[in-house]
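Student: Chain by chain, the residues:
Protein chains: 4
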Amino acid sequence: MNRKLRMGMVGGGSDAFIGAIHRLAALMDNQIELVCGCFSIDPAISLSSGRSYYLPESRIYATYREMFEKEITLPEGERMDFVTIVTPNFAHFDPAMMALENGFHVVVDKPITFTLDEALQLKAKIEETGLILALTHTYSGYPAVKEARERVRRGDFGKIRKVYVEYPQGWLSTKLEDSGNAQASWRTDPKRSGKAGAMGDIGTHAHHLAEYVTGLKTTEVCAELNVFVPGRLLDDDGAALLRFENGARGVLMATQIAAGEENAIKLRVYGDKGGLEWLQHEPNTLLVKWSDRPTEIVRVGNGYMSDIAKHNTRTPGGHPEGYLEAFANIYRNFSLTVRAKMNNQTAKAEWLDFPGVEDGIRGMQFIDTVVKAGYDDTTKWVKF
Amino acid sequence: MNRKLRMGMVGGGSDAFIGAIHRLAALMDNQIELVCGCFSIDPAISLSSGRSYYLPESRIYATYREMFEKEITLPEGERMDFVTIVTPNFAHFDPAMMALENGFHVVVDKPITFTLDEALQLKAKIEETGLILALTHTYSGYPAVKEARERVRRGDFGKIRKVYVEYPQGWLSTKLEDSGNAQASWRTDPKRSGKAGAMGDIGTHAHHLAEYVTGLKTTEVCAELNVFVPGRLLDDDGAALLRFENGARGVLMATQIAAGEENAIKLRVYGDKGGLEWLQHEPNTLLVKWSDRPTEIVRVGNGYMSDIAKHNTRTPGGHPEGYLEAFANIYRNFSLTVRAKMNNQTAKAEWLDFPGVEDGIRGMQFIDTVVKAGYDDTTKWVKF
Amino acid sequence: MNRKLRMGMVGGGSDAFIGAIHRLAALMDNQIELVCGCFSIDPAISLSSGRSYYLPESRIYATYREMFEKEITLPEGERMDFVTIVTPNFAHFDPAMMALENGFHVVVDKPITFTLDEALQLKAKIEETGLILALTHTYSGYPAVKEARERVRRGDFGKIRKVYVEYPQGWLSTKLEDSGNAQASWRTDPKRSGKAGAMGDIGTHAHHLAEYVTGLKTTEVCAELNVFVPGRLLDDDGAALLRFENGARGVLMATQIAAGEENAIKLRVYGDKGGLEWLQHEPNTLLVKWSDRPTEIVRVGNGYMSDIAKHNTRTPGGHPEGYLEAFANIYRNFSLTVRAKMNNQTAKAEWLDFPGVEDGIRGMQFIDTVVKAGYDDTTKWVKF
Amino acid sequence: MNRKLRMGMVGGGSDAFIGAIHRLAALMDNQIELVCGCFSIDPAISLSSGRSYYLPESRIYATYREMFEKEITLPEGERMDFVTIVTPNFAHFDPAMMALENGFHVVVDKPITFTLDEALQLKAKIEETGLILALTHTYSGYPAVKEARERVRRGDFGKIRKVYVEYPQGWLSTKLEDSGNAQASWRTDPKRSGKAGAMGDIGTHAHHLAEYVTGLKTTEVCAELNVFVPGRLLDDDGAALLRFENGARGVLMATQIAAGEENAIKLRVYGDKGGLEWLQHEPNTLLVKWSDRPTEIVRVGNGYMSDIAKHNTRTPGGHPEGYLEAFANIYRNFSLTVRAKMNNQTAKAEWLDFPGVEDGIRGMQFIDTVVKAGYDDTTKWVKF
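Taken in order, these protein sequences are the chains called F, G, W and E. Mapping of the first sequence onto the numbering used here: residues 1305 to 1688, in sequence order. Mapping of the second sequence onto the numbering used here: residues 1305 to 1688, in sequence order. Mapping of the third sequence onto the numbering used here: residues 1305 to 1688, in sequence order. Mapping of the fourth sequence onto the numbering used here: residues 1305 to 1688, in sequence order.
In isolation and in its complexed conformation, chain F is listed as follows (with noise of 0.2 Å):
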């Protein structure tokens, strides 16, 4: 197959964020090429979000639903081949699902779904189809984190103790949902973000992050959850004490109200003979730490890096690669899976690694665990 992968959009019109972001992150190398979607539910942006995106009126629809009914009598090679999930939470399954259906690979933002459930009735989907679902937690994407995971898999820092991961962000310090600010207005709505804010936003980031790099999953988490901008319906700041599979222990921490915080998300990782830091603000930088030497400044795109952090790099050292770069990996990895398959090739191991439906659940258990947990004064630990 020589051409590039054909991508379909739901959501992601010119008033949009993330859509944005994915389309950058998706074009950037190359391997894929925007062919039509269903910008916004309102039909009207759609239309003129699709032209600015230079696409042909036949290819901007006014509904997913349209759009998956025409796009599938179109002959392959013209049709789109996969088609990318960018709406709030709650408007994930239904097009996700459409398109398993209709034979369409996904890439969906995260949390995968609004309900657990729904996650759980798209992984049998996927089982069934041997489509190929991918879920943009982006900071996996990062090659500093790559290596941070090999390296740990690879037992560099022993058995792994203890893990902090921390997400601070301070954007929700004010009632911004009051002002019109649309990315605050459905993020703090339960019938649109689902039952967690902050974590079910970023919380999700820094668990998947965590368990990402250790390999290890969580079994019990303690935790709390706090509403601090008064009339809110949505945590906006929590923390977990984390029990991991093999003994180790975590500790949580995400808010949306650390005034003055960015999107801060750092990982530090110990086991019995060294340990790593990594934070999102310098993402080309890993700290590797020991005990009886000088700690190293790990710095991606040089030749000491391992091999899929390598994969993951498009610039020599020095040159910094940023969060468009983390998110075009899980694109380019999604990509060259889904080029394996329909060219019926076995797909590399480093291909292979972009979060995907698995992670998902993942994500959805952990809202629903930390969430009971998070208001419950008197249970102190719930299982995962």
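Quick caveat, the hints were computed from the structure, so don't treat them as lab data. Among these hints, one or two may not hold up.
Same chains, same names: a pair is fine if it fits in one copy or spans any two.
Distance condition first, Cα-Cα at most 27 Å in a straight line; then the derived BS3-like pairs of lysine-lysine [what the hints assert, rightly or not]:
| id | residue 1 | residue 2 |
| --- | --- | --- |
| 1 | 1463 | 1479 |
| 2 | 1687 | 1676 |
| 3 | 1577 | 1479 |
| 4 | 1614 | 1479 |
| 5 | 1614 | 1570 |
| 6 | 1495 | 1676 |
| 7 | 1577 | 1614 |
| 8 | 1374 | 1308 |
Given the coordinates of chain F, assemble chains G, W and E onto it according to the supplied hints.
Tutor: Quick look at chains G, W and E alone, frame taken from chain F:
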């Protein structure tokens, strides 16, 4: 009174760590002189240590009991004015009480005593005698920490909502107490250290720092304490969710098994208007954060600092002060207060800004509370 | 014109470094598509490269001469609109001139040409044709750099007095050109790189950054160039004292033998009221310094940034952008300008903010001046 | 000799900056006591200062001449052993020579004298008398700087090629000397400071640091000195290209008009195998860089440090030491050397590691050379 204050010591022989720190801190400002001491439980070590500190043999004692008995017979101005106690925790109370009973002021290392009850007895004796006690919670001696407290106090950040305090160390990642290391040996021994390990040694510092800067009292604790190194008798790791009296929430992390970490005590506080961050490894910097404008790098020694920070600073901006100067601030403020008392003067507010018996009691309550909470899998919140 | 701009390439085969960067940068914003190219001096590599970029064979050319001849015969909207030239320095001029003569706009890597005279010829041709040329001085594409320039321009720092610009790399610490490394090979070869080595490759970037941010022209240079690695034919290190037109003074350091450095280009500028600091390794941060108040950490993506920075930013605060996005800003502004021209519209000021032929001429003058000054032990100052 | 060394002072009244620093540094280690002084040219200030240092009035002198005359009549063990001279530069030589003539060891602030000739006279007198002189080039007292020197010395980085040393300050960005600021006043006055301003005050520190760490002598200088603040009488800014005896090249930058900078002296050294970086604002960290593996964060207080660094460290890793401890290291090594001499013992190599008269002469040569080069627009290189 135109002379230096005269200091005696209990503990602090030439084989000890913290005793040397106390001498450096006490002496650098030319306000205090060392005049006597019982520097070790071993009289030979006490003698050789005292000689190396250039003391006459007549003032080097074999027991602290002897020291108090003899010193009290010397004329005022020759005898010591106060005693510094730098023995392991179990041996704080007895010499401290004896000092107070004999009319000597006291400096004592933290935690103040072995049990809460002992601390309460000291408090009663202090109230009875009017003598002065300083507790060396060093980190509150840093000028940037005092600046932080001042800015919180005057309301720069609005109502405080969130506190993160962490104290990661890695030096007990292995069973160092089996190797003959004296520091590790007593700190992991319940008979000498008390009922807590890491939480007593460094958790108390973290807790003190949080309460000192925010001016808020902890009311409830949800915690887990862990022993990671097999065979160890006390916690070497722990984390706690904190509730504060004004409704603020906190997370406290203290560990001695974070392999590769040195002594990275760090505090973050967020109010509804902004926040602050301080890390001991760069102690002269206070990051001040705002929702709507850039983070400021507030630096010790500059003209814009508050009076309380300036009072605790010795050098101009860009001449880094460190741990010893923070320690010395406790001694300097203590000595100014003692001197005022001896001169029947009223101590200024900034002189009184050093930790005392009330801080010591808070610390013992913290240990009791966090130990009670930390091993109980069913009770979630324990009142302070 | 409702279509993407159509890009051809000269150079940039699958074995090249900077060509891949150009494609990533050009394509990510969904405003440009790659339609043709002569990707290598080796027709087989050109063909295989073009195929891997999903081009039809009819648009993959064996020589750039052939490309221009054939493309010009295609109808507007099918033929390329502009050409990107990413060959070694000695092979910039000929395809650039040929492009201009055939009516194509040009993007060319820096330094613009092999000699100053060639650059002047390009300028004359551009003035004659009205075509548009962009020069990829990447570092001026960073939003934080544009913020810096804007703040200098509007006088925040008062009169500029001092400029420090440095560009340390370490990758040529050994004679890498003997090992078959293609990058090292042509960059150290006077026949392909020109009369300067490090000063041409990275010194020009540093010089451009200094003039771009300050808005000041260098007038005199005092320099020393060095060849540290035995047998190397061009400078691998150098430093220069700079005099600027307003009386400001500067120091420029560029080296490729600073073992262990990656690509740490850094700029500091000081006026009589304050100063700024920017380092590419943390490119989303601009430190803004003041004599009488704390340094501010100005961060890309925040609401307080200037309009010009916002125009060049794709993600919200805390989602780090990197080298590729800075590069893409040059392409985006170039494409907006070209598109305006094709639509007979007036380009906005922020669209015109990309390096062009004048910057290229300054760069060639810098090379001439610093090489003249750099090996002369008797003449101290050389006029620019 | 079982007593503390006895220090007298010339200068260092309660209105002075550097005198207080000297006392803190001298006293903290409990090896030195202050016994006498002439603390000001104003006898009343000298008296009140001496009282505030708890000296008997009999040992507080109105002139340093009187001090030397009287002290010499006191018995050994009561009279001072050495004198610390902390007057402005023009008043270093006379008391230093008088001290040596009367048999007292000397500590003197830098630059050692007002002229090179005076420094040479001191050297001759020292050789004649065998007395010991320490010069407080503070930055060479930091343990991380000593670690740097040791690693260069033992060849870790191979042959040294490149040295960058910079010392940016901003406090003289305005004409502070007109505001009554005592520090600014004498430092910008050629009659009290000497022929150089910034270069004498801080350039000498930078130069000393570069030669100290590399072990290389500067042989030639190409420089420009500037006076940016109108009406100022001495340079407030300058930069120099340096040539070292082994063929290494350097850049030295010293400025006092970098608005917003505090005291950011920084050194970078690169050899053919690796390099190092040290910045005084984070003085306990030494970055060690390698071409082929990660940069290491070498931290003072850890077990892996060299013996010479450990000898100059008081606290364990993670307990930051600062400027005063670096300063105190000079006093401690000086006092160990003096004590050895008084005891007719051989001083250990690590005791002798403090700046002395030879360093002072190098500093005066540096001032002479850089001033000669700095205002000459025709002579490029001036021999050292």
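Student: Does each hint hold? Answer for all of them.
Tutor: Each hint, compared with the structure:
Taking CA atoms no more than 27 Å apart as the test, residue 1463 paired with residue 1479 passes between copies only; the shortest distance there is 15 Å, against 43 Å inside one copy. Taking identical chains as interchangeable, the C-alpha atoms of residue 1687 and residue 1676 lie at most 27 Å apart whether they share a chain (10 Å) or sit on different chains (22 Å). Only between protomers do residue 1577 and residue 1479 lie at most 27 Å apart by alpha-carbon distance; the minimum there is 13 Å, versus 45 Å within a single protomer. Taking the shortest Cα distances, residue 1614 and residue 1479 sit within 27 Å of each other only across copies (24 Å), while inside one copy they are farther apart (43 Å).
Within a single copy, residue 1614 and residue 1570 get their C-alpha atoms as close as 22 Å, and across copies as close as 26 Å, so both meet the 27 Å cut-off. Taking identical chains as interchangeable, the C-alpha atoms of residue 1495 and residue 1676 lie at most 27 Å apart only when both belong to the same chain, with a minimum of 18 Å there against 40 Å between chains. For a Cα distance limit of 27 Å, the shortest separation of residue 1577 from residue 1614 qualifies both inside one copy, at 25 Å, and across copies, at 24 Å. In this assembly of identical chains, the alpha carbons of residue 1374 and residue 1308 lie at most 27 Å apart whether taken from the same copy (20 Å) or from different copies (25 Å).
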